[in-house]
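The whole structure should be built from the sequences, with the hints applied where relevant.
These protein sequence lines map, in sequence, to chains A and B. With the first letter of the first sequence counted as 1, position 495 gets the number 525 in the working numbering; the numbers rise by one all the way through. With the first letter of the second sequence counted as 1, position 68 gets the number 110 in the working numbering; the numbers rise by one all the way through.
These are computed hints drawn from the structure, not numbers from a lab. Among the hints, erroneous ones may be present.
Stated by the list, open to error - Calculated lysine to any residue pairs in the SDA-like style (CA-CA distance at most 20 Å, straight line): (1) 231(B) to 510(A); (2) 259(A) to 45(A); (3) 231(B) to 514(A); (4) 231(B) to 453(A); (5) 231(B) to 464(A); (6) 231(B) to 462(A); (7) 231(B) to 420(A); (8) 231(B) to 515(A); (9) 231(B) to 470(A); (10) 439(A) to 195(B); (11) 231(B) to 77(A); (12) 231(B) to 73(A); (13) 231(B) to 465(A); (14) 231(B) to 512(A); (15) 439(A) to 145(B); (16) 439(A) to 109(A); (17) 231(B) to 502(A); (18) 231(B) to 76(A); (19) 231(B) to 500(A); (20) 231(B) to 448(A); (21) 259(A) to 47(A); (22) 231(B) to 505(A); (23) 231(B) to 455(A); (24) 231(B) to 72(A); (25) 231(B) to 74(A); (26) 231(B) to 80(A); (27) 231(B) to 506(A); (28) 326(A) to 314(A).
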Amino acid sequence: MSEHRRDGTRTAGQRSSALAGRERLHPDRPEWAAGDIPPHRRPLPLITRDALTVRTARPTHDRLAALNEERHVGTWTPEVARLREQGAAIRRETLPDLEKYLAQLTGNVERNGGVVHRAATPAEARAVIERIARENGVRLAVKSKSMATEEIHLNAHLTAQGIEVVETDLGEYIVQLADERPSHIVGPALHKSRQDVADLFGQLAGDEVSGEPEDLASFARTRLRADFKAADMGISGVNFAAADTGTLALVTNEGNADMVTSQPRVHVAVMTVEKVIPRFADLGVLIPLLCDAATKQRVSVYQTLLNGPRREGETDGPEQLHLVILDNGRTKALGTPQEEVLACIRCGNCQISCPVYRTVGGGHPYSAVYGGPIGAVLSPLLGERPNQDSDLPFLSSLCGACYDACPVKIPIPDLLVNLRAAHERRQPAARTARAGWRAWALAWRTETGFRATMAGARLAGRLLPDGVLARLPGPGRGWARGRALPPLREAGAFRRWFRRQEESRDRDRRQG
Amino acid sequence: MRDVETDAGAPPRPARVALFTSCMADLAAGGPARATVEVLAAMGVTVELPRGQTCCGQPALNSGHPAEAGTLLDRWLRIFAPYDAVVTPSGSCAAYLHHHLGRLRAPAPEHRALVERTYEFSQFVMAYGSGLRLRLRGSVTYHDSCHMARTLGERRTPRQLLGRIEGLEVREMAGCDTCCGFGGTFAAKFPDVSVAMADTKLGTAAAGGADWLVAADPGCLLHLGGRARQAGPPVRTRHLAELVRDALVPAEVPA
Ligand code: SF4
Numbered sequence: 031m032s033e034h035r036r037d038g039t040r041t042a043g044q045r046s047s048a049l050a051g052r053e054r055l056h057p058d059r060p061e062w063a064a065g066d067i068p069p070h071r072r073p074l075p076l077i078t079r080d081a082l083t084v085r086t087a088r089p090t091h092d093r094l095a096a097l098n099e100e101r102h103v104g105t106w107t108p109e110v111a112r113l114r115e116q117g118a119a120i121r122r123e124t125l126p127d128l129e130k131y132l133a134q135l136t137g138n139v140e141r142n143g144g145v146v147h148r149a150a151t152p153a154e155a156r157a158v159i160e161r162i163a164r165e166n167g168v169r170l171a172v173k174s175k176s177m178a179t180e181e182i183h184l185n186a187h188l189t190a191q192g193i194e195v196v197e198t199d200l201g202e203y204i205v206q207l208a209d210e211r212p213s214h215i216v217g218p219a220l221h222k223s224r225q226d227v228a229d230l231f232g233q234l235a236g237d238e239v240s241g242e243p244e245d246l247a248s249f250a251r252t253r254l255r256a257d258f259k260a261a262d263m264g265i266s267g268v269n270f271a272a273a274d275t276g277t278l279a280l281v282t283n284e285g286n287a288d289m290v291t292s293q294p295r296v297h298v299a300v301m302t303v304e305k306v307i308p309r310f311a312d313l314g315v316l317i318p319l320l321c322d323a324a325t326k327q328r329v330s331v332y333q334t335l336l337n338g339p340r341r342e343g344e345t346d347g348p349e350q351l352h353l354v355i356l357d358n359g360r361t362k363a364l365g366t367p368q369e370e371v372l373a374c375i376r377c378g379n380c381q382i383s384c385p386v387y388r389t390v391g392g393g394h395p396y397s398a399v400y401g402g403p404i405g406a407v408l409s410p411l412l413g414e415r416p417n418q419d420s421d422l423p424f425l426s427s428l429c430g431a432c433y434d435a436c437p438v439k440i441p442i443p444d445l446l447v448n449l450r451a452a453h454e455r456r457q458p459a460a461r462t463a464r465a466g467w468r469a470w471a472l473a474w475r476t477e478t479g480f481r482a483t484m485a486g487a488r489l490a491g492r493l494l495p496d497g498v499l500a501r502l503p504g505p506g507r508g509w510a511r512g513r514a515l516p517p518l519r520e521a522g523a524f525r526r527w528f529r530r531q532e533e534s535r536d537r538d539r540r541q542g
Numbered sequence: 043m044r045d046v047e048t049d050a051g052a053p054p055r056p057a058r059v060a061l062f063t064s065c066m067a068d069l070a071a072g073g074p075a076r077a078t079v080e081v082l083a084a085m086g087v088t089v090e091l092p093r094g095q096t097c098c099g100q101p102a103l104n105s106g107h108p109a110e111a112g113t114l115l116d117r118w119l120r121i122f123a124p125y126d127a128v129v130t131p132s133g134s135c136a137a138y139l140h141h142h143l144g145r146l147r148a149p150a151p152e153h154r155a156l157v158e159r160t161y162e163f164s165q166f167v168m169a170y171g172s173g174l175r176l177r178l179r180g181s182v183t184y185h186d187s188c189h190m191a192r193t194l195g196e197r198r199t200p201r202q203l204l205g206r207i208e209g210l211e212v213r214e215m216a217g218c219d220t221c222c223g224f225g226g227t228f229a230a231k232f233p234d235v236s237v238a239m240a241d242t243k244l245g246t247a248a249a250g251g252a253d254w255l256v257a258a259d260p261g262c263l264l265h266l267g268g269r270a271r272q273a274g275p276p277v278r279t280r281h282l283a284e285l286v287r288d289a290l291v292p293a294e295v296p297a
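Below, the structure written as structure tokens:
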């Protein structure tokens, strides 16, 4: 979408009313927050350093921290704790035989009149959706927020084909205008203040827009309404797909999913393989659990349950319903400890609970579609270039707040540790680090080696001033950025004190 | 475990108790280890220091080197096997041993049992130190170290111990269990993020106006104390063991 804005050709062919005036927008955001992630990702440490200095980082941190406190992320009332146990079990039921459940789902969706497509890669998924759009002469598509379509960079692809795509979720609409990717799974624009949004809408309208939440919402609503009517295609995600009935469940608070799936002629739902659940009845557990974890609601305002396209005699619904089931590397994780990540229900609770995510001001600095703890475990498994984000699992202090916060009990810290090991095994650049750790273990498995380390530290602490110590290669350098170095000249002092105590005790005993 | 003099109602007190100092205490922060020995001595427990101990392997595992971690874990299990109890002033090492033994190794029952009798400092004092008299004037705020709170599940015991100190006021801070940003090698790998997290923690601690920020993990304290000294909010930090040692009231010697 950004190319189109840059070459300025969009206004002529403008069909969307929600996007009218887009040429007036001048997004200010770091490159790594862009809607399309630049392929030349900078190394992670640089990104995070930059992230902290971005204007919005601190206010976002404060907002998220307050939210974390308010919601007691990670503390579950007894009723929700029960749901959590049930939900965790349901989400793992399908994993040992995912294909069976997908086949059952496919059969039932087809029986309901839908068309099912399987896509192994993002390219395949894009091609399928493009073909559906072409066959139906689609010029304008409305979309309800879907991380799966973010994952395949669908907007950029369709826009390049001359198909306009409008995000209809308020938060997603905001980040689309700002040409950013979502910075949180559930609250894509939660890094933006009300004033940021008012400024953005103001630029779009070429006029001042009030920063009152109601006014902002009604501004978006008015602009989106015409698009719902004009759109030829609706694109949605899928929160859960029930294998036994072929029902697609969508959970929203704004009702936009209802519009997207009922107004246009064609509805394309994009789900990733793990979204299949065994039974329709499981929704009774999973939807309240998702709502509680995502927004601390008992239930969201809208639950959209779809059972195929419009039938004879029905007043609304699309003429065609297509379900695209995307793999994108996920089934590779099946049967490994990492398969746990496929239990995720995308509530975003782990992100809000994560102090690193909060500190860097949301998900953008991860420079991947999914930020935060879940992103750090999921991203390395995905993509047309798998492992490209394999350094992400290091961007965590392993504090474990994400595990407490996860409604389906995914042991994220353990998975992060596994992925760190996988990264270290694979990376040629990590060879020196690996050799270092090997030498370390070799030395510290003997008493002499450990004593030598203590003596070395003591000597360095005595001979070298802190300024020099801080510049030596190794972890000391990072440590010294902002923190006083520990008194290394006292290395081993405790052991010497202990021996003296022991000796004097022995002496006393002998004399006494 | 052999039965030596026992507090009324308490489980039998282990006879041979080993101190696991943690490599960090040996290299950079000996204070908590020393205080642990002194508090245990006041309880009448003689602590032994197994000479060959080095490190449990936690830093290697967290950095993505499980093989190296396993090497040191095996050694740890061998060295501490002869003892009836192991006490450590490092909450995260205790948590690591409890949680990762089964992840790194298919542990023999005796290894499980050894880890079961490995105590974080406050756990041991609360289990066997009911005879201690503790008094200290001042106010503290307690920082929950992540691994201790979430992996070891130990939030209550250190607070109970603080509660036993007469004259001490405990002021809970907002986000007491939010990570301080240490995270082992994370602190050196992402210094900017790590320091920003420390500033948040120190800021909330300072806002509460307590005299000391107390924690039960030398790692957090090295990081928070180092930050406070360098440039952060001026907050004084202290290890729980050191605070308890400071609060010891000498037992009256019967005439
Ligand atoms: S990993 Fe757990 S907490 Fe995080 S988004 Fe998924 S379900 Fe929610």
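Hinted pair residue 231(B) and residue 514(A), Cα distance within 20 Å: Satisfied, since the Cα-Cα distance of roughly 16 Å is no more than 20 Å.
With a cut-off of 20 Å on the C-alpha distance, tell me whether residue 231(B) and residue 464(A) pass. holds (15 Å)
Restraint status (C-alpha distance of residue 259(A) to residue 47(A) at most 20 Å): The given pair, whose Cα atoms are some 11 Å apart, holds under the 20 Å limit.
Between residue 231(B) and residue 515(A), does the CA-CA distance stay at or below 20 Å? The given pair, whose Cα atoms are some 15 Å apart, holds under the 20 Å limit.
Given the hinted pair residue 231(B) and residue 505(A), is their Cα-Cα distance within 20 Å? holds (7 Å)
Is it true that the CA of residue 231(B) sits at most 20 Å from the CA of residue 502(A)? Holds, at about 15 Å.
Is the hinted pair residue 231(B) and residue 453(A) satisfied, with a Cα-Cα distance of at most 20 Å? With Cα atoms ~15 Å apart, residue 231(B) and residue 453(A) stay inside 20 Å; holds.
Next pair to validate is residue 231(B) with residue 448(A); report whether the Cα-Cα distance is within 20 Å. The given pair, whose Cα atoms are some 18 Å apart, holds under the 20 Å limit.
Against the 20 Å threshold, does the CA-CA distance of residue 231(B) and residue 500(A) hold or violate the hint? Holds, at about 14 Å.
Distance restraint between residue 231(B) and residue 74(A), which requires alpha-carbon spacing of 20 Å or less: Satisfied, since the Cα-Cα distance of roughly 10 Å is no more than 20 Å.
Within 20 Å, alpha carbon to alpha carbon, are residue 231(B) and residue 462(A)? holds (15 Å)
Mind checking the alpha carbons of residue 231(B) and residue 470(A) for me, to see if they're no more than 20 Å apart? OK: residue 231(B) and residue 470(A) at ~18 Å, within 20 Å.
Going through the hint list in order, the structure satisfies each hint without exception.
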